[in-house]
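Colleague: Listed below, chain by chain, are the residues.
6 protein chains.
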Amino acid sequence: MGRVVTFGEIMMRLSTPDHLRFCQANRFDVSYAGAEANVAVSLSNFQVDSCFVTKLPQNDFGRSVLSYIRQYGVDTKYITFGEGRLGIYFIEVGHSQRPSKVIYDRSHSTFARSDISDFNWEEILSGVDWFHFTGITPALGDNLVEICHKALSTAKQKGVTVSCDLNYRAKLWSEEKARFVMTDLMSYVDVLFANEEDAERVFGIKADDSNVVEGRLSLKGYEQVCRKLKERFDFQSVAISLRESKFANINGWSGVLLHGNEFVNARQYTVHIVDRVGAGDSFAAGLIYAFLQDMSPQDSIEFATAASCLKHTIMGDFNHITVQEVKRLVQGEGSGRVVR
Amino acid sequence: MGRVVTFGEIMMRLSTPDHLRFCQANRFDVSYAGAEANVAVSLSNFQVDSCFVTKLPQNDFGRSVLSYIRQYGVDTKYITFGEGRLGIYFIEVGHSQRPSKVIYDRSHSTFARSDISDFNWEEILSGVDWFHFTGITPALGDNLVEICHKALSTAKQKGVTVSCDLNYRAKLWSEEKARFVMTDLMSYVDVLFANEEDAERVFGIKADDSNVVEGRLSLKGYEQVCRKLKERFDFQSVAISLRESKFANINGWSGVLLHGNEFVNARQYTVHIVDRVGAGDSFAAGLIYAFLQDMSPQDSIEFATAASCLKHTIMGDFNHITVQEVKRLVQGEGSGRVVR
Amino acid sequence: MGRVVTFGEIMMRLSTPDHLRFCQANRFDVSYAGAEANVAVSLSNFQVDSCFVTKLPQNDFGRSVLSYIRQYGVDTKYITFGEGRLGIYFIEVGHSQRPSKVIYDRSHSTFARSDISDFNWEEILSGVDWFHFTGITPALGDNLVEICHKALSTAKQKGVTVSCDLNYRAKLWSEEKARFVMTDLMSYVDVLFANEEDAERVFGIKADDSNVVEGRLSLKGYEQVCRKLKERFDFQSVAISLRESKFANINGWSGVLLHGNEFVNARQYTVHIVDRVGAGDSFAAGLIYAFLQDMSPQDSIEFATAASCLKHTIMGDFNHITVQEVKRLVQGEGSGRVVR
Amino acid sequence: MGRVVTFGEIMMRLSTPDHLRFCQANRFDVSYAGAEANVAVSLSNFQVDSCFVTKLPQNDFGRSVLSYIRQYGVDTKYITFGEGRLGIYFIEVGHSQRPSKVIYDRSHSTFARSDISDFNWEEILSGVDWFHFTGITPALGDNLVEICHKALSTAKQKGVTVSCDLNYRAKLWSEEKARFVMTDLMSYVDVLFANEEDAERVFGIKADDSNVVEGRLSLKGYEQVCRKLKERFDFQSVAISLRESKFANINGWSGVLLHGNEFVNARQYTVHIVDRVGAGDSFAAGLIYAFLQDMSPQDSIEFATAASCLKHTIMGDFNHITVQEVKRLVQGEGSGRVVR
Amino acid sequence: MGRVVTFGEIMMRLSTPDHLRFCQANRFDVSYAGAEANVAVSLSNFQVDSCFVTKLPQNDFGRSVLSYIRQYGVDTKYITFGEGRLGIYFIEVGHSQRPSKVIYDRSHSTFARSDISDFNWEEILSGVDWFHFTGITPALGDNLVEICHKALSTAKQKGVTVSCDLNYRAKLWSEEKARFVMTDLMSYVDVLFANEEDAERVFGIKADDSNVVEGRLSLKGYEQVCRKLKERFDFQSVAISLRESKFANINGWSGVLLHGNEFVNARQYTVHIVDRVGAGDSFAAGLIYAFLQDMSPQDSIEFATAASCLKHTIMGDFNHITVQEVKRLVQGEGSGRVVR
Amino acid sequence: MGRVVTFGEIMMRLSTPDHLRFCQANRFDVSYAGAEANVAVSLSNFQVDSCFVTKLPQNDFGRSVLSYIRQYGVDTKYITFGEGRLGIYFIEVGHSQRPSKVIYDRSHSTFARSDISDFNWEEILSGVDWFHFTGITPALGDNLVEICHKALSTAKQKGVTVSCDLNYRAKLWSEEKARFVMTDLMSYVDVLFANEEDAERVFGIKADDSNVVEGRLSLKGYEQVCRKLKERFDFQSVAISLRESKFANINGWSGVLLHGNEFVNARQYTVHIVDRVGAGDSFAAGLIYAFLQDMSPQDSIEFATAASCLKHTIMGDFNHITVQEVKRLVQGEGSGRVVR
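Respectively, the protein sequence lines represent chains A, H, S, Z, B and Y. If you read the first sequence in our numbering, its first letter stands for residue 1246, the second for the next number, and so on. If you read the second sequence in our numbering, its first letter stands for residue 1246, the second for the next number, and so on. If you read the third sequence in our numbering, its first letter stands for residue 1246, the second for the next number, and so on. If you read the fourth sequence in our numbering, its first letter stands for residue 1246, the second for the next number, and so on. If you read the fifth sequence in our numbering, its first letter stands for residue 1246, the second for the next number, and so on. If you read the sixth sequence in our numbering, its first letter stands for residue 1246, the second for the next number, and so on.
Calculated from the structure, these hints are not laboratory results. Among the hints, erroneous ones may be present.
No distinction is drawn between identical chains; accordingly, a pair holds when it is met within one copy or between any pair of copies.
Think about it this way: if two alpha-carbon atoms lie no more than 27 Å apart in a straight line, the pair counts; the simulated DSS-like pairs of lysine-lysine are [as the list claims (entries may be wrong)]:
#1 Lys1572 / Lys1346
#2 Lys1416 / Lys1572
#3 Lys1401 / Lys1572
#4 Lys1465 / Lys1451
Input sequences plus hints: build the corresponding full structure.
Modeller: In structure tokens form, the structure reads like this:
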């Protein structure tokens, strides 16, 4: 079915339980997560041969990360270890009008201090069909921009399909810096993923008739965004997840895909949220799976949207969902009747 | 007010906390539950003299079950003990588009291995007004079909009113086997309970204009179902709970009752769900209570529907609700204002 | 910005976790709360210099209360200690049609046994701009009525603005007794706060076209209530919080303000509730803050309503919200998008 | 085997988890306990027909107590309900040199306000073999002294054996008051239980060569105490539990018994403590069981000491131990090897 | 360093938290464990290439087991899936004189229903250095005796070293049946592991001067046991772990080894126990590691004893300890000073 | 009684619950702690006017720290805020032979990046009697060495008594660097605190006849250490806490004091440990309290040793103990009898 490699940082995730605010919490729930690791785990749950590449600190937490990903069947053999700390992100889960709040404490991490010699891309990308990364990786430093170039050019040489999720993070770099670096990297990218905000922030391409803050998004507007992105960078495919925020705990959720010249959109779900972090990653994973399975554009966007809809109902960044469960939702079983 | 005996299996219930999936859980919440025990506890909470009959393993878990039921005032003196294991059911609580999932591990239980000599129905049913069982009990084995026949015929001889909740479980028997056995047992039954799916699966009687999967149910359709069931088996009363699934955590909930020739339906509630397991049992208990109190058909179905509406807001299978609380909801206090 | 003193009882709050009923709980979450303490903490979170005055038992729980309030920066130096017990209130959190239930166990508390000599109002109210109390304080006994008179008359002498939240509690006194006492105390009050029920219960002033039980409230009706209250007691301002109960976990929430002759109302929020206890107190704190900041009437009621809207999303009685977070909601960012 | 009635107060027990101090706890574990209820439950666990008599508040907590005791098979049919509150006791579990700390909040409880008309002793004591109470009951007020007199004199008339555990509580009454009241009640008592301190505090009878604070107790000294008590009050039997405190979590534990003229002592156990509250009650229950079984004095004191040794390893006041488990320890299996 | 295969059943482990008795628990901690899986994980933690072979049910729990073992780096590629249930064992953790209690619910498991065709031993044992199983595996049924024969004879053909841990379980088979089957299987075994009781129960070989119940074990006696076992079955090595039970939470722990003709014993540790289940498995894993490393007999028994000493301090069956940590203890750092 | 200022870093403390290893934990307990903050809180619990000075990040965690310390009554008005992160330390609590393990993640913290302009020592030290810091503070960077010099020289000018706890941390600096910097700072120090290892590591002064690893410490040896330290640096007093590690959960604990020329030692306690982190800080706080109270040398060392003995029984770094509780232990009530 194809082998997928993803590359990026994985952090310790510390979240307050029971919707407590940071100042109220006397315990944190612990897991490990990161955009590209989330994609690898999601694909592994779809029975895809997936491999996650990163660099971890040589301590108990580095080893805990290794175990944590390995349990989901992800290939971890190209993970390297070195000096430094494991990045951390803290999350306080919102509700109703109170937004969730994320505090990053990721500076000086082992991964951010990676060196180009840490990863042997010739070997890593042998026998690989798909390579995925996100805009977070090059945002972590110029060394990582360099490593991305190396990985991407190797992938191109080997005929590996390359996907990228824009994943703009304002805390990591300015829009200007992001635009400069990402424009350059786009030349290697075949398939682009983004959310309802990224294209504007990174490339200045905005959807008409849409207001992200108020949760009103226009399909027409996002079709234009897809077409402009394709035009500018000559992508095979562009997919955008569309979140209409109504409350911190209830969102509209859908997605669009421009494949070649064909534009399709998925049905929209109203999702009651257990945990929305990682939804974009599960959307990307859904599309990668669909493409590897040669689904039609319409089936692909429905699969990815349903997969990521279900992610919202699962605690943690990882999408613990099977292909069968996604297909059940695509086929209309979305009313939550008990499965016995 | 009358004494009620219920008969069936009670299991250990192991549920994942906080909407976790099975693969994520490192602890299970423990309780003990089963359709007929749920009815007995609900009736005891309504101050009805109720007695639960079962067979339990002679070990710590059998004794724990005994304590567990006894605390709610249910008469446990006819419970017998023997070899075997306590059946278990595991539940992972869904949310939004993700359904709850139940895994049964009930084979080889002490109850499933019951022998006809384990229960002295002459004694058990002395001074009793009502006997209740569900379709799960005969589904557990031919020995239990035989025991049901014995119990039901004794009940009939003694003039005890008999109710049955169809409670079809596809994991326990085929629709064909269920139809064969249940058709036979219906001859003893005065009052039949079912949910929106059971009548079709067990007796092939389907509601028009309804789609259970999509959560659209027609009152007209279910009136026909009631009338056909009554016609075929000559019941005194037939009541059906009607669940319109919208999300795993939000359902429409109502009920209909055909009593003699009078068909009535309750108002419909939109329920935000804490735990929906046991709702059907609490609906049956509500109706048994209403009948024992000689409520009118309209009052009866409103009482049962309100009681089981409230069950959805309570963790665990048991309906910890008083008559006064049910009546408060029937009278329209359903907006959840704080009671101080 | 002004210094605020609040005066009243603070209790141990014991709440069942996870929506459990009292009879199901084997643990209680512990915090400390009371209407006037809630206001003081909320103001301190808005960076107002606030001081809470009460009397506590001379034991571990009295000392725990002291620490508990002190951590939020509230001035506790006028708290006195003495014989008696700490009052307790138990809360079982409802859901959907099942209301939350509060059981008070506050009799014989140290505070209820306060003596007029326990508080030196001359000293306490020196350099103070605002004094706040609620109808609960005088409801606790005639000694407290006397103490309130002393505090209020001292405040008047010193030119301190006085606000009162009616906060009628049927378990503490009859409507007749409340009316008698509160009518008397109103002569000292400049700013009155109430909820959608208080004015009718305490002063017999009812809103037309409104049904509190069914959750339908009329702005016109509440404008009349405000105007009648102002007319009768000559208040500077009257503000009423308006809760439209739909479900125990979903409410409509808004507020109205009559300031001088100008009547304004805030937008209405649909709130998905984590914990609604203390919402009225956070509404009062919002208005006190707005008045201390000389906001316009419209800005004031929007600020107070948004602040108390957010309170519903926070566990416990205290409103852990900053001015910046309230303003963000007032400015329309209410769709709960993640803050990174 | 005989029916036993015990009479006294039962309270809500709120304990801090994980050895936290009161000021650190943000949750309390909840159970219900009281000296005489503890004895009733322990006897019921030994399969004795036991009945607990008390008066409870007419609210959720009164009903919760009822369920709580009923689950262990104790007969609750003579429990009455009325006005007032449920007494509470808070416990912070110590460790090493830090003692456990108990704070009582039991004033004004429903039980403390019992009236002599609340209990029909003629009916309660019909067909009963043994009546047990402790010194806590008359310490709660003169009404309870009167009720004790009534109960005890009825017991005597009916030939019921009466046992009393001195259980002196300094917070409830002075040593003088205790001596006065208890001396009077002793005329009805056949079997007296005490711990290493009670006899001195209530009756001024002290053991030579012993230092309770330092944990050095002399068997000779306690033989004298037993003999003096018997001499003064003409008891059939006197039993004293002997705790040698070394650390809050490690104690020596033994017991002595004077039966007729025969003085025996049990082996001493070094107990590693999970929860020592209720150990004295389990010692009393052990002896009552032994006497009902007509064990020899030596067997009786060994049984009671082993039963209460095991109590120290069980969380909560209740001794969840079977006769078989106690006998296993008496026979020497005390090294804690896994039972499979 | 060598590749090790272990073969056996793995179960769901449900344990009561905080030393609660089964009847008190309302939650269970969940993990997955089994003697041979424990050995595989322990070896993997020592960086040995280890592979665990079993058969699991085709459901969420089978998949959870797979993830659970995989996270520790154990090779799971020969695990097969099929019909049936996952065996369960319940554990209540004792303290002081109260023993831990294990209840097995493992009948009818998928593994117990394994067929000889489920495992391709030719393939599984290719390139393998060591094969390990325990007496539990053949105790599960005659089909498993047959499978063991197949596995062991294949191992012998391929020159794989075979070790067996006697692990007698009285609930699974009689001593007679065990002796019959195990005697037969011993012909394939090179290295035998046992605890202080097994040899007597399975082979009737008893240590002089020892009393297991009272926790007094004689080194001389166990040297004889080793020598007799070696004589009878011609083992290369025999190792016995020696537990002197003093309290459920404090044990003496040591081990002896007869290697060729050289008898050695390890120092004895007094262990304060967090969880002792799996200690024997960690002892076996320690010795396998030592043998693979060609340690001397004295170093081997010290390594195994230290490794399994540390196991007692770790929650769960698995020994999460590194080689470096074991060696630190062997070298005398056993006083528990903080490692910063 | 005197005012005390302490100066140093405070971190987030994340500890695994229930003795879990880092790799097993899925939640961490959260608190905030640091050597000098621990001293300030301990003193405040003794009713000393204490003030803690540090620099915190301008985010939710900085604000949480502020609340956290403030609740214990510590004066926080000189705490400054700025860029950077909050340092973190992770702790896995050991047992028996398994040591506790601490992982620091404190680089790049706001405090470590403090500038000399952040603290106005003239103002901070006005009206202060005692200034305390530890060797950790200057170990964090040359900027902090400079700040310490400024603080200490200001203290000397103002006649403030200065104490220092050596607190050597090998992860922060080499022994050579520590010796160089600390030798210099000692010229300002009046009272020196150390543990059984610090003097050797920092100043090369070793106790004869002692083996820290094996937990054998000689009073004579430590008297020499005290005298040599005094001789070299001309301290008023030198106090050393003496820990004899036996198991991770059981230690011997005592202390010695050289005051002027008088050498005294405290009784030794065997402590069963709940949490030993912060014990040295509570020892220092005990001595500062004793000196401020002008206790005799013998009383001082007994008070400090008893206070820090009790710390071992309390979860977290802070010593939640009153003067009365310490004195109770000094007077010999150390056997852990329940306080009612």
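Colleague: Please name the hints from earlier in the document that this structure breaks, with their numbers sorted from lowest to highest.
Modeller: Result: hint 3 breaks, nothing else.
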